[in-house]
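Here's the letter readout for the chains.
There are 2 protein chains.
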Amino acid sequence: MDKDVSDEPIGKPEASNGRIPGLGEIGLNNFAPYVMNRIMARWNANLAEDLKVRDMSTIKMRALAVLHVSGSLTINELSVLAVTEQSTMSRTVDALEEQGLILRTPRPDDMRVRDVAITAQGRAVFEDVWPLMYADLQRMLSGISEDEQFAFLATLHKILRNVRRHDI
Amino acid sequence: MDKDVSDEPIGKPEASNGRIPGLGEIGLNNFAPYVMNRIMARWNANLAEDLKVRDMSTIKMRALAVLHVSGSLTINELSVLAVTEQSTMSRTVDALEEQGLILRTPRPDDMRVRDVAITAQGRAVFEDVWPLMYADLQRMLSGISEDEQFAFLATLHKILRNVRRHDI
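Chains U and H are the protein sequences, given in the same order.
Letter by letter, the first sequence follows residues 1 to 168 of our numbering.
Letter by letter, the second sequence follows residues 1 to 168 of our numbering.
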């Protein structure tokens with residue numbers, strides 16, 4: 001892996017002649033979004049493997065996790081926060097409602113909008129699978145000090161603000 | 001966003017009673033894989049939007065990027081490095097070959113294995129779209145110092161090693 005690590009700073013401003021560094025100069029492994037894509041592909045595959053034992057999909061888990069900490073949300077809000085396309089989230093919410101894990105209620109001041117909230121049973125299911133996710137997180141962060149974790153998160157938050165378009 | 005930021009260290013070891021912190025205690029925005037999922041969903045959507053102008057898909061771009069810096073690879077190696085399922089990558093390689101952007105040649109010592117390599121035309125296409133990706137990278141990292149970028153990448157590499165299973 002180290003063969004791609006060069007001394008070229010990733011964020012180096014363009015040279016005065018306007019030439020931008022090539023990917024070969026930066027190196028694939030110094031290209032942060034590439035490394036993050038690889039990490040998230042592994043994380044999501046590992047999590048799906050772990051959740052299968054409990055007959056739970058990653059998308060259902062994400063929806064329950066977000067509803068567990070966020071109170072009631074619209075499908076649109078839920079799909080953004082759970083990083084899932086709205087059509088997929090609609091189907092997932094249907095399935096979760098059928099299982100009694102979430103509840104949809106029309107909003108009193110606008111009956112066209114229905115709020116999605118987690119049920120007590122949904123919370124119980126989430127609490128049951130949460131230790132699997134937490135164990136995955138511990139493994140992901142093993143050997144990384146608390147200071148390094150805090151610094152890493154701070155950079156992630158800056159990046160999330162930077163990549164946003166259209167306000168989401 | 002700050003409402004989820006708690007003082008609970010993410011990697012805090014289990015309390016002596018064996019209780020693990022809940023997601024509500026950690027906070028969704030302190031859960032690193034969650035923030036990374038959100039970033040990558042935005043990054044990939046932004047890139048797809050930018051590439052559409054050049055009539056190029058994200059997967060084709062990834063395949064060309066990896067081949068541009070890696071020399072010839074098998075489909076399996078290419079699918080791992082380009083973070084794409086092997087069946088999808090097979091179809092992408094077919095399309096790229098039809099466009100004359102890559103070339104498949106049987107390996108001399110094992111005719112069953114075919115190596116995939118980028119053509120001069122493929123390199124030209126990659127060089128043409130690369131400035132779009134580089135501009136996206138610059139925007140992603142704006143306001144983040146070189147030191148912080150280096151530290152961030154170092155943590156990403158530790159995490160990538162930690163999340164690997166099955167040797168990939």
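A few of these clues could be false.
You can't tell identical chains apart in this list, so a pair holds if it fits in one copy or across any two.
Said to hold, decoys possible - Here are the simulated EDC-like pairs of lysine to aspartate or glutamate, each with C-alpha atoms no more than 20 Å apart in a straight line:
no.	residue 1	residue 2
1	158	147
2	52	147
3	52	77
4	52	127
5	52	115
6	158	127
7	52	128
8	158	136
9	52	136
10	158	85
Hints listed in this document are in silico derivations from the structure and should not be mistaken for laboratory results.
Predicted, not measured: the structure shown is a model, and the values here were computed from it.
Against the structure, the hints:
no. : hint        : in the structure
1   : 158 <-> 147 : both (17 Å within a copy, 14 Å between copies)
2   : 52 <-> 147  : neither (34 Å within a copy, 40 Å between copies)
3   : 52 <-> 77   : neither (26 Å within a copy, 26 Å between copies)
4   : 52 <-> 127  : within (16 Å within a copy, 42 Å between copies)
5   : 52 <-> 115  : neither (28 Å within a copy, 35 Å between copies)
6   : 158 <-> 127 : neither (30 Å within a copy, 29 Å between copies)
7   : 52 <-> 128  : within (13 Å within a copy, 42 Å between copies)
8   : 158 <-> 136 : between (24 Å within a copy, 14 Å between copies)
9   : 52 <-> 136  : within (14 Å within a copy, 36 Å between copies)
10  : 158 <-> 85  : neither (24 Å within a copy, 30 Å between copies)
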